Amino acid sequence: MQSDMTMPLLAECASDLSKSLPRSQRDPVIGIIGSGDFSRSLAIRLVGCGFRVVVGSRQPSRVAKGVFPDRVEVRSQREAIHAAERVVFAAIHPEHYHSLVGLREMLAGKVLVDVSNATTLTSHKQSNAETLAELFPKSSVVKGFNVVSAWALQTGAHDGSRQVLICSNCSDSKAMVLELARRMGFSPVDLGSLCASRGIEEAPLILFPSWGGPILTTLILFIFFYGYIFLRHILLPYLDHRENNFYQLPLVTVNQTLPAVALVTLALVYLPGLVAAVFQLGRGTKYKRFPCWLDCWLCRRKQLGLLSFLCTALHAVYSMCLTLRKAAGYTLLNAAYHQVKAGIENSWVEQLVWRADLYLSCGILGFGVLTLLAITSLPSVGNALNWREFTFVQSGLGYAALALSTMHTLFFGWDFAFSPGAYPYYLPPAYLLALIPPCIVLVGRLFLAVPCLTLRLAKIRKGWESTQYWPVNNQEPGGSREAHPQQNFDDV
Amino acid sequence: MQSDMTMPLLAECASDLSKSLPRSQRDPVIGIIGSGDFSRSLAIRLVGCGFRVVVGSRQPSRVAKGVFPDRVEVRSQREAIHAAERVVFAAIHPEHYHSLVGLREMLAGKVLVDVSNATTLTSHKQSNAETLAELFPKSSVVKGFNVVSAWALQTGAHDGSRQVLICSNCSDSKAMVLELARRMGFSPVDLGSLCASRGIEEAPLILFPSWGGPILTTLILFIFFYGYIFLRHILLPYLDHRENNFYQLPLVTVNQTLPAVALVTLALVYLPGLVAAVFQLGRGTKYKRFPCWLDCWLCRRKQLGLLSFLCTALHAVYSMCLTLRKAAGYTLLNAAYHQVKAGIENSWVEQLVWRADLYLSCGILGFGVLTLLAITSLPSVGNALNWREFTFVQSGLGYAALALSTMHTLFFGWDFAFSPGAYPYYLPPAYLLALIPPCIVLVGRLFLAVPCLTLRLAKIRKGWESTQYWPVNNQEPGGSREAHPQQNFDDV
Amino acid sequence: MQSDMTMPLLAECASDLSKSLPRSQRDPVIGIIGSGDFSRSLAIRLVGCGFRVVVGSRQPSRVAKGVFPDRVEVRSQREAIHAAERVVFAAIHPEHYHSLVGLREMLAGKVLVDVSNATTLTSHKQSNAETLAELFPKSSVVKGFNVVSAWALQTGAHDGSRQVLICSNCSDSKAMVLELARRMGFSPVDLGSLCASRGIEEAPLILFPSWGGPILTTLILFIFFYGYIFLRHILLPYLDHRENNFYQLPLVTVNQTLPAVALVTLALVYLPGLVAAVFQLGRGTKYKRFPCWLDCWLCRRKQLGLLSFLCTALHAVYSMCLTLRKAAGYTLLNAAYHQVKAGIENSWVEQLVWRADLYLSCGILGFGVLTLLAITSLPSVGNALNWREFTFVQSGLGYAALALSTMHTLFFGWDFAFSPGAYPYYLPPAYLLALIPPCIVLVGRLFLAVPCLTLRLAKIRKGWESTQYWPVNNQEPGGSREAHPQQNFDDV
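Chains as they are written, first to last, in the numbering used here: chain A, 1 to 492; chain B, 1 to 492; chain C, 1 to 492.
Treat the hints as calculated values from the structure; they're not laboratory data. There's no promise every hint is true.
When chains are identical, the list treats them as one kind, so a pair holds in a single copy or across two.
DSS-like, lysine-lysine: derived pairs with alpha carbons at most 30 Å apart [as the list claims (entries may be wrong)]:
#1 341 to 326
#2 286 to 326
#3 125 to 288
#4 459 to 125
#5 302 to 326
#6 138 to 125
#7 459 to 288
#8 110 to 326
#9 125 to 110
#10 286 to 341
#11 286 to 302
#12 459 to 302
#13 138 to 341
#14 288 to 302
#15 110 to 286
Owing to the predicted nature of the structure, the values given are computational and were not obtained by experimental measurement.
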């Protein structure tokens with residue numbers, strides 16, 4: 001008897017069969033109020049995970065055969081709540097919550113799971129879960145499962161997002177729903193008490209929350225460079241001497257803008273790391289929080305990097321299509337005409353040949369390295385790396401890509417930037433402007449590679465703190481620290 | 001004592017050690033009959049998941065040291081079955097099942113797992129699992145684990161497919177094997193009773209079941225367009241005036257066919273959604289099932305989309321290789337010769353320059369958007385999106401890609417379609433034919449964006465049903481519905 | 001009472017709430033010594049997984065509010081160890097392990113988890129875990145969690161590597177930590193006793209262990225072909241008749257080297273499979289281990305294939321950029337000049353047009369097939385295939401890609417290899433050398449497709465063994481085998 005009771009986890013599936021009771025009487029029963037799409041998908045998933053499910057409908061007779069799987073019982077709402085052992089899902093529209101008030105006493109002591117979404121982003125309203133909690137003060141309301149689609153529920157967590165955000169004021173009920181979510185194959189995230197429910201309800205309304213800033217930055221850079229090149233190459237020449245370059249607008253100008261945007265964005269990926277290092281060096285500790293803007297910037301590096309890669313890839317495709325343009329054909333034909341008329345047998349200019357081959361080479365290699373970086377950003381590839389490999393790829397290859405892209409631009413510029421003709425209307429070429437941020441980053445990185453700075457930074461990152469920091473900022477007596485020379489003891 | 005018994009799940013690993021029994025005596029024992037590749041991999045996995053394993057071999061002495069891990073005991077078949085608490089895997093060739101008949105009484109009451117595959121797709125034979133169940137009427141036979149390779153078993157579910165299809169006539173035994181599969185890191189799918197075992201056994205024989213229809217569709221479209229272009233551009237000109245265009249067969253004709261196929265296939269991705277909306281609008285409810293062909297079509301949209309992307313990507317690469325062709329060089333040289341001979345200093349035609357730049361731009365952007373769509377089709381990327389983000393990408397970006405591709409084709413066509421010369425032998429150019437389906441889809445989509453239709457559709461998709469629908473189709477008295485104004489109550 | 005005790009696993013979350021004890025008193029308590037970065041991340045994860053955590057710091061008062069989540073108690077090291085039920089993590093620098101010696105008696109009987117990394121790859125030192133085990137002989141030391149980054153711990157196993165390598169001399173303690181790791185969402189791998197700890201500690205120091213050989217192979221091939229082409233096309237012509245081709249170094253030579261490397265590497269992917277088949281045919285059994293070099297080679301096929309794909313992709317991009325080069329423009333202009341001067345109206349050479357179109361077609365298709373192969377190498381895509389689909393893609397499409405690449409090279413070579421001019425300085429062109437390995441593989445594959453060999457191989461792979469093999473190699477009497485005609489009985 002004792003040995004049976006204390007049998008470890010893994011033995012349970014073996015001991016399961018030895019019971020005389022039929023299985024269906026031993027599984028926990030989950031209740032679902034509502035018989036709509038979400039209810040149906042939830043029931044399919046719960047049954048598939050070994051639970052018994054009773055669906056409560058206003059009109060159980062109206063629910064068509066075959067809508068729910070055979071193992072799901074469809075009964076009245078009252079019967080479903082009665083049958084549910086502990087957990088009842090409220091899978092109905094929030095505007096109909098009040099209609100359940102008559103079942104208040106039956107729901108007392110049960111865990112009521114609110115799965116509804118917010119419909120608008122209004123900041124001054126109560127959340128649906130809070131409304132439900134007010135209506136049923138004797139039940140413990142748990143918010144969750146709203147970020148999951150009916151489709152993900154039905155097809156399994158393979159194909160949908162696994163993350164389920166959960167909150168509740170009752171930690172026991174929350175623990176139960178967390179466990180339930182885990183058994184259903186989701187990755188529940190505990191967000192604390194019910195005051196987080198507004199955020200959870202609004203989560204599906206906010207698209208790609210971490211992409212807003214980076215996309216905006218990229219867009220602003222694109223508009224700036226496009227406008228600048230339009231002004232310098234098209235508008236001013238037209239106003240000045242009626243040169244018609246407007247045909248360049250759809251393709252050529254875009255292809256001049258994209259590499260500038262890509263280069264600046266890539267520099268913005270590595271700039272915050274340098275700024276953070278400077279902060280740590282200046283403060284002499286890693287334990288003080290970075291300013292908010294820097295924290296936020298550091299968290300957006302992956303998105304900035306992917307947008308930089310997107311611009312680079314588009315630039316590559318645009319460039320490879322350049323010779324397909326009718327304009328390229330006409331230019332070549334006219335050049336041939338003039339060469340023949342001028343009687344030049346060989347128009348070869350060795351220097352220009354080298355320039356083109358060098359900037360193409362650097363560009364292709366830089367693009368290749370960036371592509372490797374983008375591939376390791378795929379969740380399934382990143383998961384297969386340990387963190388040192390990930391760091392090597394993201395930092396080592398990242399700087400290689402930045403250096404190659406900068407060289408691509410420098411070779412493209414060649415020595416033309418030194419001739420006065422490169423500054424019509426006193427405007428420098430766009431690629432010169434785009435070179436400023438990456439050059440700052442590369443010079444800054446080289447500067448940090450000076451041994452004394454590198455060593456100090458490594459020490460700080462291992463937990464060491466410079467003593468002059470504490471008295472100034474935290475008012476902790478410096479003396480008490482001297483007594484504990486092992487202050488970096490507690491870190492790995 | 002009481003507190004020990006009621007200790008929750010998560011405490012068990014902590015309480016585990018407090019027992020005086022050695023661990024090996026408390027783990028459940030799994031038996032495996034057979035000592036081949038599959039048996040070995042199964043044993044490695046089971047042992048790795050904390051089970052004790054006893055392998056039963058005809059000749060245990062012949063099994064070489066080191067083939068099985070140390071913790072696996074290799075004994076006679078009789079001893080292995082005796083040692084197994086409940087579950088015995090039959091990892092032998094199905095043609096040898098009869099040789100186990102002598103062990104029938106020993107196997108009585110145990111769960112016998114059949115892991116065999118079908119060797120041919122013959123529809124009139126009994127499945128291996130059914131044969132096993134007949135031979136051992138007192139054991140409960142469970143079918144499963146056959147879709148998993150020995151390799152996936154050994155290396156863990158990371159690298160192999162996680163899905164394990166399981167069926168059995170005994171629901172208790174099935175529940176036990178489902179739990180076992182879960183503990184081994186697989187995602188078991190319960191397919192019901194043993195009559196499903198034929199399908200499970202044949203599953204590994206059918207390659208990419210969901211890809212058959214879409215690939216066939218794409219192939220038929222490819223053959224049609226290739227044949228059409230061959231006829232119009234190569235065969236008829238040759239028969240008519242001996243124009244030799246046969247050199248176009250390997251590359252140029254393929255590159256004219258691919259965009260046509262890609263455009264039609266992309267339109268086929270968005271057409272079924274429109275048809276479904278029309279069905280829902282016409283019926284006034286979303287609760288009636290779509291016809292079978294539409295259901296099937298809706299389920300194949302992802303595959304059609306990926307095939308369309310494949311054609312688009314090939315078209316992009318082919319196009320970018322066009323100027324590498326010797327033919328392109330010769331054409332340009334001959335044009336230069338004629339321009340010089342004719343004494344034309346500048347052959348620039350502004351309109352054709354604009355046309356080329358515009359259709360290249362639209363093509364590149366459309367290809368870029370399609371690539372984003374294809375990337376979000378990767379399981380690991382799709383998992384990282386919540387369902388509203390997924391819908392935004394798949395529907396919003398999808399229509400953008402369709403619109404850009406259509407514009408790419410329209411700009412390519414320019415105004416040439418209005419000149420009589422575009423219809424040699426009364427055959428319209430292929431791109432005109434390919435434009436028909438996307439134009440239908442885009443016009444249909446615009447039509448559904450009319451406010452009254454959009455609002456009605458949104459209402460229907462929230463669960464509202466038009467009253468005139470029910471009496472006609474379901475013969476349910478309309479009156480009883482009026483008494484329940486909250487008929488859309490039960491949905492989320 | 002009885003029914004409560006025997007309640008199956010899935011019911012526990014339901015029964016959990018029925019207890020009168022508050023939940024926090026029933027969760028197991030985990031102790032963490034150290035309050036650094038890793039400790040903090042570990043605590044966040046453990047609390048998120050439902051454990052109670054007590055962190056032991058030298059100076060609990062110095063740990064700032066908000067560094068640890070609210071549910072984590074920060075106390076003295078002594079109190080933390082006392083509070084921990086069984087498991088204590090030692091999240092401090094290994095050089096400070098000796099400072100814990102005073103707590104030796106308190107730690108007796110507890111499980112001490114060493115999470116430290118090696119700092120250098122020195123083969124003659126004791127591992128950190130072994131040092132810890134020596135210091136605390138009464139505790140059971142378990143090595144693990146070191147390959148996980150603090151970041152992966154905090155953000156969940158979604159974003160970091162899931163694999164956790166674990167070893168210990170005490171199998172009970174190890175089992176407990178394995179279970180703990182599983183509950184934290186990781187995939188623990190049991191590597192046996194503590195003597196494996198050195199390897200585990202050094203694992204994060206070795207970057208991409210399975211990539212070393214393949215990358216070296218590819219590099220050597222690259223250097224060989226680059227040198228060969230440099231010699232044949234640039235250096236010897238320069239020494240011979242001062243022909244200046246040095247401008248080809250950055251791009252043209254690289255683009256001639258890459259396809260040769262890609263082709264040879266791709267052949268190296270399929271060669272070991274053939275060698276293995278020959279071994280199996282020769283020995284008449286699949287049960288004898290392959291020689292070590294072949295085993296190793298077979299395990300590196302995926303890496304070789306991906307490197308071959310990388311070279312192919314770079315070759316494709318380089319080739320598509322060829323017409324962007326200034327040199328290409330000059331060549332065309334000069335050709336136009338000469339054509340005009342020579343008065344050739346049409347320079348079209350039908351044969352050369354066919355050659356270019358054919359080799360471009362084969363190249364594009366081969367590249368397309370290789371891309372499909374590379375995509376199915378992504379973990380998340382490969383997971384969605386069952387093993388027969390995976391085999392079909394990797395083997396079927398792989399040979400298709402090899403055949404198309406070989407044809408690409410053969411069409412590129414055309415009949416030029418038969419002219420004496422193709423052998424300046426008696427050196428054959430590089431592509432001829434690169435064709436040797438793939439031709440060997442393709443001919444070998446065709447040879448193995450001879451029915452008698454195919455059937456014999458299939459029999460062997462099903463487990464059949466030729467009788468003449470055993471007496472020669474294993475000295476097992478052949479007679480005893482004849483008595484058991486079902487020797488292939490034990491395999492699936």
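Against the structure, the hints:
{"no.": "1", "hint": "341 to 326", "in the structure": "both (23 Å within a copy, 21 Å between copies)"}
{"no.": "2", "hint": "286 to 326", "in the structure": "neither (58 Å within a copy, 52 Å between copies)"}
{"no.": "3", "hint": "125 to 288", "in the structure": "neither (36 Å within a copy, 36 Å between copies)"}
{"no.": "4", "hint": "459 to 125", "in the structure": "between (50 Å within a copy, 24 Å between copies)"}
{"no.": "5", "hint": "302 to 326", "in the structure": "neither (38 Å within a copy, 36 Å between copies)"}
{"no.": "6", "hint": "138 to 125", "in the structure": "within (23 Å within a copy, 59 Å between copies)"}
{"no.": "7", "hint": "459 to 288", "in the structure": "within (15 Å within a copy, 53 Å between copies)"}
{"no.": "8", "hint": "110 to 326", "in the structure": "neither (73 Å within a copy, 77 Å between copies)"}
{"no.": "9", "hint": "125 to 110", "in the structure": "within (26 Å within a copy, 51 Å between copies)"}
{"no.": "10", "hint": "286 to 341", "in the structure": "neither (71 Å within a copy, 74 Å between copies)"}
{"no.": "11", "hint": "286 to 302", "in the structure": "within (22 Å within a copy, 41 Å between copies)"}
{"no.": "12", "hint": "459 to 302", "in the structure": "within (27 Å within a copy, 40 Å between copies)"}
{"no.": "13", "hint": "138 to 341", "in the structure": "neither (96 Å within a copy, 96 Å between copies)"}
{"no.": "14", "hint": "288 to 302", "in the structure": "within (24 Å within a copy, 45 Å between copies)"}
{"no.": "15", "hint": "110 to 286", "in the structure": "neither (47 Å within a copy, 33 Å between copies)"}
The structure shown violates the earlier hints numbered 2, 3, 5, 8, 10, 13, 15.
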